[in-house]
Structures are given as C-alpha cells and as structure tokens.
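Build the full structure now, drawing on both the sequences and the hints.
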Amino acid sequence: MKITRRMERWSPLVVLAAALLLWQLVVVAFSIPEFIFPSPWQIAQDFVAYKGPLLEAAWKTFWVTMLGFALSIVVGVLLGFVIGSSRLAYTALYPLMVAFNAVPKAAVVPILVVWFGIGLGPGILTAFLISFFPITVNIATGLATLEPELEDVLRVLGARRWDVLVKVGLPRSMPYFYGSLKIAITLAFVGTVLAEMTAGDSGIGYLMQTAGSQQRMPLAFAGLVTIGAMAMAMYELFSWVEKRTTGWAHRGSQAE
Amino acid sequence: MSFVDFQNVWLAYNDELLAKGHFAVEDISLQVDEGEFIAIVGPSGCGKSTFMKLTTGLRMPSRGRITIGGQPVTGPLKISGMAFQAPSLLPWRSTLDNVLLPLEIVEPYRSSFKRKRREYEARARALLQSVGLAGYEDKFPWQLSGGMQQRASICRALIHEPKMLLLDEPFGALDAFTREELWCTLRDLHAAQRFNVILVTHDLRESVFLADTVYCMSRSPGRFVVRRDIELPRPRDLDVTYTPAFTEIVHELRGHIGAVRKSGAAIAQ
Numbered sequence: 001m002k003i004t005r006r007m008e009r010w011s012p013l014v015v016l017a018a019a020l021l022l023w024q025l026v027v028v029a030f031s032i033p034e035f036i037f038p039s040p041w042q043i044a045q046d047f048v049a050y051k052g053p054l055l056e057a058a059w060k061t062f063w064v065t066m067l068g069f070a071l072s073i074v075v076g077v078l079l080g081f082v083i084g085s086s087r088l089a090y091t092a093l094y095p096l097m098v099a100f101n102a103v104p105k106a107a108v109v110p111i112l113v114v115w116f117g118i119g120l121g122p123g124i125l126t127a128f129l130i131s132f133f134p135i136t137v138n139i140a141t142g143l144a145t146l147e148p149e150l151e152d153v154l155r156v157l158g159a160r161r162w163d164v165l166v167k168v169g170l171p172r173s174m175p176y177f178y179g180s181l182k183i184a185i186t187l188a189f190v191g192t193v194l195a196e197m198t199a200g201d202s203g204i205g206y207l208m209q210t211a212g213s214q215q216r217m218p219l220a221f222a223g224l225v226t227i228g229a230m231a232m233a234m235y236e237l238f239s240w241v242e243k244r245t246t247g248w249a250h251r252g253s254q255a256e
Numbered sequence: 001m002s003f004v005d006f007q008n009v010w011l012a013y014n015d016e017l018l019a020k021g022h023f024a025v026e027d028i029s030l031q032v033d034e035g036e037f038i039a040i041v042g043p044s045g046c047g048k049s050t051f052m053k054l055t056t057g058l059r060m061p062s063r064g065r066i067t068i069g070g071q072p073v074t075g076p077l078k079i080s081g082m083a084f085q086a087p088s089l090l091p092w093r094s095t096l097d098n099v100l101l102p103l104e105i106v107e108p109y110r111s112s113f114k115r116k117r118r119e120y121e122a123r124a125r126a127l128l129q130s131v132g133l134a135g136y137e138d139k140f141p142w143q144l145s146g147g148m149q150q151r152a153s154i155c156r157a158l159i160h161e162p163k164m165l166l167l168d169e170p171f172g173a174l175d176a177f178t179r180e181e182l183w184c185t186l187r188d189l190h191a192a193q194r195f196n197v198i199l200v201t202h203d204l205r206e207s208v209f210l211a212d213t214v215y216c217m218s219r220s221p222g223r224f225v226v227r228r229d230i231e232l233p234r235p236r237d238l239d240v241t242y243t244p245a246f247t248e249i250v251h252e253l254r255g256h257i258g259a260v261r262k263s264g265a266a267i268a269q
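Residue numbers (this note's numbering), protein chains in the order written: chain A, 1 to 256; chain B, 1 to 269.
Rather than coming from a laboratory, the hints here were simulated on the basis of the structure. Among the clues, some could well be false.
[Stated by the list, open to error] Straight-line alpha carbon distances no greater than 20 Å define the calculated PhoX-like cross-link-like pairs of lysine-lysine that follow: (1) K163(B) / K167(A); (2) K139(B) / K78(B); (3) K114(B) / K167(A); (4) K243(A) / K139(B); (5) K105(A) / K167(A).
Right, here's the structure in full:
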C-alpha cells in the first residue's frame, strides 16, 4: 500500500527521466545531427550557455501571458455569467462565440499587428483571445445546470435571480471555473508564443524563431522546454488552488 | 374559514396547451384547515407536483381561484417551506449553513441576518437537534447518510417557521426503516409546531400514517377523485400501521388507485 502511494508520487519524474534517456539514446545511436534533432544533453548545454537571454525572454513571455490571462479571466467570467444566467443571452450569443472560437488565432495575429503594431499588444491580445472561451463556457455551464428543485425552494422565499446566482450558482460553478483555468493557462502560453513568433521583438517565441532561422536547434528546443516548464508550473498552481478552495467537489480523492 | 382554499382550479402550462385544452390539473377544489396535515397520493405523472407549484404561488392557475390564509395568491408565498425527494443541499456549506440559507433570503430575517446570526444559529441548532442531527451541524452534507440529508433538508424548509410545509415525495429515495423513522420525525415536528403540511407521495401507508386527510388523484390530467378522512387517533405510533383498521384504510385507498388506473386506461383508448 505504502509502496504504491510512493510510486504514484514519483511516477511523473520516473517517466520524464525514462523519456529523456530514450531520447538521448536514439539521438546517439542513430547519430542524428544536432541541427535536425538535438539530444537532451545538447539542449541542456545550450540552456546553460544562454541562461541570461533565455531567462529574460521567459520572464517577458510570462508576464505578457499573465496580462492576457488576467484579461481573459475578467472577460470570460463576465461573459459566462451573462450567458449562464439568461437563456436569451445563451441562445443569442453562443453560436457567435463558437464561430469566433473556431477562427485560427494565427490568422488573427497579423490583423492585431496592423492595429497595435509590433510589441506587447498582439501578444497580450492573442493570449486573451485564445484562452477566454473555455472559461466562459465553464462558468455558463455551472450556472445553467442548477437543480430546478433548489431554485423552487429559494424562489418561494422571494429570492431574486441575483440571490440564486450569488448564493448557489457562482459557488456551484467554481469547480468548473478552476477546471477551465487549467486549460486556459496553457492556451494563453500558446497564444503569447504564437504572437511572438509571428510578430514579436522579444520573448521566448521570438528567441525560438531567431534560433530556428540560424539553425541553432538546441537553443530553439531549450525555448520549448522553458515554455513547457512555465505552463506546467502554472497548471500545478491552479490545481493546488482548486484543491484548497473547492475540496467539496473532489471528495473522492480526499477520502483517502 | 379554511386556511387553504382551492376553488375549481385548472392549470395548463402554457397558452398553446390551454388552447388545445390540455390541462396538467383539472377542476381541483379543496379546503384545508389551519394546522391540518393532508396527503395527496396518485400514480406518477398525475400532476402532484403541479399542485405544489400552485399552492406555493410559483404558478398561477389558468382558471379558478386559490386563496391561502384568506388572501388570494398572487406570487411566491413566503409562508411556505419546501422539500423534495432529492435533499439538494449545497455541498460547500456545512449542515448548519445549509439550514440557515433561507434566512439569508427571506424577509424579515434577511435584513437582520448579519446582526442576529448568533440567534439564528441557535435556532437552527435547536431545530437540527429536534430531528436527531445534534452533533452533525458542522459536517458537510456529503458526510451524512441519505436519511440525515433528508432531515437536514426538512430543517431547511422549516427554519423560517413557515405556516405551510410542502413535501414532494420526501422519503421516496430512502430505505424502508429510515423512511419509518422519518415519518415519526415529521409527525413529531407537526405535533409540536402545528404548521400545515401538504405531503405528496405514492406510498399509501405513509399517507395514512401521517395525514388527517388523504386525497387521491387521477392520472393526467390530474383530478381529485377521492377524499378520505383518516380518523385514527393521534398521537399515532408506528404500531398502528399493523392494526386491522389501518390496513383497511390502506386497502380501501388502494382500491381507489386501482380504479383510477383503469378509468385512466379507458380514457387513453
């Protein structure tokens, strides 16, 4: 019992180590050239060599993403609130939102560049555009799936729509909300990097683009790893917040 | 003068159905005295729940007149408390906070809730204790058994001291032993506080054990077909359910339900 618990805890690291080892072995065994597919070891070396620029670019990408993400939380929650609390708004807005979400964001970046120029604007906005939809949908779902009986219980007491939303709807949609944050944060990173690659002058995306054009693959891969690590860290952060604040929705895992 | 007064009440759920003459309930008339416990039994889908919506003012009748406490019903009636088959407690609130929820919403408690929270908490604790939930106030609903959740749900319906308690198959999802325990809980609450109870159920023994008057409803469209006074003396003990008098009443009502079934089928043809 104890051993399985410990195995469970360490399993992600074990898998990671095994994957890296396999990768290294494949690159060495088939002597794949560095400029096509670098080995983890070469990536690590470049990571150390370009630590300064990489960290600087990472920091830039990080806070651009955070600005876009903050924007998408605000807009996503408000929009989800409107859509989830009124059937009319739901019917009226949903098709448009789905259509908008289906537009490839890579196609939007050039337009944003025309409007806002090269720099922070497109990065923040792309991160926002790509990540608000899951938040909206999840808040709306949480609000729209209230038990009708409970609504009756409260309406009889003279509860206004607002009361029902605040006392029941919002707390109820919190687990959905945190679930969506975990999806949205990873998407927001995708958005920022996308904008940086197409029309940036700084950040990890820009760095990777430059490294790629100079055929410095290990550096480009080091950029990839950095983004992955940042997204993973944020994901874990939200998982932690989720467990702390909405434990009632995860009681299955708490019981042990 | 009776407390609840239905006079030839008809309800169609929307104008389209009204135009076609499809009613959920038809020509309902009943008079309930203050403090009376009535039960409504009938096959499923007979409009029992519709009846509850009418009584609480969540729905207005298409035809006919409803007065409650001498006042015509014009909107949701705050003097009523409701509980359903699903306890529908909020999982992020402790049992105590779940019971307090109505006081955060209904006036006059709403405006004094923050100020008098202590007092209301004491009241909720006393109520929980009276249904045997002392010591569970700070537990979360999902830590309680089904029967306990239902007790808490009934407490929530009673915390604002309503004059009328409406129960829609409240014990339907419980096992037989828990159900009988809760019958006694409800009997004692009613005896102590003398509110009106309207119990919708499809358990005939339950209706006969608890109610002063039992109404049988026919299948859709819902109509009252039989009104039966239950003369069994109060306080009633569970033992009464094994007496011939009790069984006879249940049997008689069962006969009516059977007749309702047949006539329903005949109309369907």
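Has the given pair, K105(A) with K167(A), been kept, meaning a C-alpha gap of at most 20 Å?
-> The given pair, whose Cα atoms are some 37 Å apart, is violated under the 20 Å limit.
Distance restraint between K114(B) and K167(A), which requires alpha-carbon spacing of 20 Å or less | Measuring from Cα to Cα gives roughly 15 Å; hence the hint holds.
Taken at face value, is the distance from the CA of K139(B) to the CA of K243(A) at most 20 Å?
-> holds, 18 Å
Verify the proposed pairing of K139(B) with K78(B), using a straight-line Cα cut of 20 Å.
-> violated, 28 Å
Would you mind confirming whether the straight-line C-alpha gap from K163(B) to K167(A) stays at or under 20 Å?
-> violated, 25 Å
Hints 1, 2 and 5 from the list above are not met by this structure, while the remaining hints are.
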